[in-house]
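Student: Sequence:
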Amino acid sequence: MADSPLSDGDHFFNADSVTFHYRVRGSGPILVAQSVGWGMPGSYLWNGMGPRLERAHTVVYFEPRGNGGSSQPIDEATMTSGTMAEDLEHLRAQLGLESFPALLGHSNGACIALRYAEQHPQRVKKLVLIDAEIQDAPANDSFATWAAKRKDDPVYGAALHMLQGMFVAPPQTDEAFAEGMDKILPWYFSDQRNVEVFRAGMSEEGSRPSVWPFLRQGSQDRQPENRLLHVAEGGKVTARTLVIWGREDAMCSLVAAKAVAGAIKGAKLVLVDGAGHMPWIEKPELFHKEVDMFLDE
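Start counting the sequence shown at 1; every next residue gets the next number (the UniProt record's numbering).
FYI, nobody ran anything at the bench for these hints, they're computed from the structure. Treat the hints with care, since some could be wrong.
[What the hints assert, rightly or not] With a cut-off of at most 20 Å between alpha-carbon atoms, the simulated PhoX-like pairs for lysine-lysine come out as follows:
| no. | residue 1 | residue 2 |
| --- | --- | --- |
| 1 | K258 | K126 |
| 2 | K265 | K236 |
| 3 | K149 | K183 |
| 4 | K289 | K268 |
| 5 | K268 | K236 |
| 6 | K289 | K126 |
| 7 | K236 | K125 |
| 8 | K125 | K268 |
| 9 | K126 | K268 |
| 10 | K265 | K125 |
| 11 | K236 | K258 |
| 12 | K268 | K258 |
| 13 | K236 | K126 |
| 14 | K151 | K126 |
| 15 | K265 | K126 |
Hey, can you work out the whole structure from these sequences and the hints?
Tutor: In structure tokens, the structure reads:
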């Protein structure tokens, strides 16, 4: 276990009856990277975009309650993105920071990070949202359009079948969840060959996804009282904000990207051609150029 809150290595602290895990790597100004809350461990961030970010930043990778190295809460009703956003306040206090110099999130991690920036605007100076899950995005047919386009492709079609099946008959074991997620992976990419890049980054011990949060976070977030008003309350954000999105993201729509960028005053929207849900894998040079430039401003 590492010594001081921001020394290199793995750290654990207790708050709200949960033992939280975060990992610190790199050197330079502090950048907090919020991981997703539905079962994928933070290793997909620190092995994926991490090595480039760590060249110029001290990156704090935060795994939310019930995910990765963070323990499961006693009350399963707290497995919501909204509660996970409040857990960032526990992390800020643990790190001894008045505010986060920069906060970054991808997908559901961006959903969590954005909610924190809306609820605690004075606590975030810069915000990076990557292909974010936007819970009040305007209605659109993006997923249906991508499904129609890809359903007859042998690889994308199989991924689509597994993705849809997971929500009808969810897996009940870590093994079944991991197998299902592996089959779904091509759906996240514009170029199917990039699946192997992602898989290589998930080969370390402890990188297997966990079904426990998968079976809880989504169902809790779908409760009307737990839905987050990302677009409706985007005007609360005072952080300088970068919204960066793969133009061929078949999971999180461009409608959502434009809506949330429009809701946050002064937000910069960057659409990455030839990239799906993980632009740092498919277009790494462009992605990191935009992120580095934004963080260095």
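Student: Now, for every hint given, state plainly whether the structure supports it.
Tutor: Now the hints, each set against the structure:
1. K258 <-> K126: 19 Å, holds
2. K265 <-> K236: 9 Å, holds
3. K149 <-> K183: 18 Å, holds
4. K289 <-> K268: Answer holds: K289 to K268 is near 14 Å, not above 20 Å.
5. K268 <-> K236: 16 Å, holds
6. K289 <-> K126: The hint holds at about 16 Å.
7. K236 <-> K125: 13 Å, holds
8. K125 <-> K268: This hinted pair holds, its Cα atoms lying about 15 Å apart.
9. K126 <-> K268: It holds: about 12 Å lies between the C-alpha atoms, which stays within 20 Å.
10. K265 <-> K125: At roughly 13 Å apart (the allowed maximum being 20 Å), K125 and K265 satisfy the hint.
11. K236 <-> K258: Answer holds: K236 to K258 is near 17 Å, not above 20 Å.
12. K268 <-> K258: Between K268 and K258 the Cα gap is close to 10 Å, so the pair holds against 20 Å.
13. K236 <-> K126: The hint holds at about 14 Å.
14. K151 <-> K126: Given pair K151, K126 is violated - Cα atoms ~39 Å apart, limit 20 Å.
15. K265 <-> K126: 13 Å, holds
The structure does not agree with numbered hint 14 stated previously, though it agrees with all others.
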